[in-house]
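Participant: For the protein sequence lines, the chains are A and B, in the order given. When the first sequence is numbered by our numbering, its final residue is 1163 and no position is left out of the sequence of numbers. When the second sequence is numbered by our numbering, its final residue is 1586 and no position is left out of the sequence of numbers.
No lab work stands behind these hints, which were simulated from the structure alone. We put the CB at the ideal spot given by N, CA and C, even for glycine. Please note: incorrect hints may appear among the correct ones.
[Said to hold, decoys possible] Below, a sample of chain A positions facing chain B; criterion: calculated Cβ distance under 7 Å:
no.	residue
1	Asp-1008
2	Val-1009
3	Ala-1010
4	Asn-1017
5	Thr-1152
6	Val-1154
[As the list claims (entries may be wrong)] Here are the simulated DSBU-like pairs of lysine-lysine, each with C-alpha atoms no more than 35 Å apart in a straight line:
no.	chain 1	residue 1	chain 2	residue 2
7	B	Lys-1573	B	Lys-1562
8	B	Lys-1575	B	Lys-1562
9	A	Lys-1085	A	Lys-1098
10	B	Lys-1507	A	Lys-1098
11	A	Lys-1085	B	Lys-1575
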Amino acid sequence: MSAQELLELADDELILGWRNSEWTGIAPLLEEDVAFSSIAQNEIGHARAWYELAARELGTTADELAFDRQPDEYRCSRLVELRLVPDWAATIARHHLYETADAERIAALKQSDDPEIAGLAAKIDREEAYHRMHAQMWFERLQDEPRFTAALDELRPLLNVRDEHTPELAELWQEMTIVRRSVAGATW
Amino acid sequence: MIYEVFRQERKGQAFAHAGSVEAPNEEFAEAYAREQYGRRGESTALWVVPREAVHEIDDFADELQKNYHRVDGYPLKEKLGRARERAGTA
């Protein structure tokens, strides 16, 4: 697996984790707030693990990969970039689309010849299993809602677009890196 | 629906009431209980029970004050005091 492919994976997880965490404190139900925030934290944890692998290949650090690139250098999917708060139906539609696609990617990585990648994928998959359960139970609950199915149709084509980013990614990047950019040369 | 959650801190220990979660069905209740009471490694197992399944009993008749049925029926302090007096060590 190339460092570029690792970056796709890590960028997806970082940006989606960041977007999902925008629901913290305002999710439709207190219990869901805890659950969805926990999923967001997991995604960022996965991003860190993948960035560390990529960083070793590229001779840099996870933090530099996560925060010191320009917005147009990110390799994430357009799907994860969108700010969907306060549309819960669209958020769950994205969650389900992403988890379904991610499951295939993780399953393939578990078969990797590189034992480090296969091992990390297996570890991450054990956490992702709960994300998939969560996405699936919401899917079953919302599948007959027109708002939900419309969101699925609208978001599905964005999944494999990685070369063009939305303006929303640049906005998120501003927020995400502001502290790091506030003190030049600082290491955190 | 309210589900009551009980958690076991270590294998073999008794389950203790941890709190409750509100969820539309059992599946959601299990997911929410896992996130709220299990994700920091604080539990080895959880019981997730619909609140209606828990029967509360809070009336315990003891009309004749049969204090010999109760653990406080024989205050040890007094007995000890008397025994010490007899032994001359009070």
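Participant: For every hint, state whether the structure bears it out.
Facilitator: A quick look at each hint next to the structure:
A cut of 7 Å between beta carbons decides the hint on Asp-1008 of chain A: the least distance to chain B is about 10 Å, and the hint is violated. With its C-beta approaching chain B no nearer than about 5 Å, Val-1009 of chain A sits inside the 7 Å limit, and its interface hint holds. A hinted interface residue such as Ala-1010 of chain A counts as satisfied when its beta carbon comes closer than 7 Å to some beta carbon of chain B; here the least separation is about 4 Å, so the hint holds. The beta carbon of Asn-1017 of chain A is not positioned within 7 Å of any beta carbon in chain B (closest approach about 9 Å), and the interface hint is therefore violated.
Violation of the interface hint for Thr-1152 of chain A is found here, the shortest Cβ-Cβ separation to chain B being roughly 28 Å, above the 7 Å cut-off. The restraint placing Val-1154 of chain A at the interface with chain B is violated, with a minimum CB-CB distance near 26 Å, outside the 7 Å limit. Between Lys-1573 of chain B and Lys-1562 of chain B the CA atoms are separated by roughly 20 Å; this keeps the pair inside 35 Å, and the hint holds. For the proposed pair Lys-1575 of chain B and Lys-1562 of chain B, the alpha carbon gap of about 19 Å is at most 35 Å, so the pair holds.
Between the alpha carbons of Lys-1085 of chain A and Lys-1098 of chain A the distance comes to roughly 9 Å, so the proposed pair stays at or under 35 Å and holds. Of the supplied pair hints, the one linking Lys-1507 of chain B and Lys-1098 of chain A holds, its CA atoms being roughly 24 Å apart against a limit of 35 Å. Annotation: proposed proximity of Lys-1085 of chain A to Lys-1575 of chain B is violated, straight-line Cα distance about 71 Å (limit 35 Å).
In summary, the numbered hints that this structure violates are 1, 4, 5, 6 and 11.
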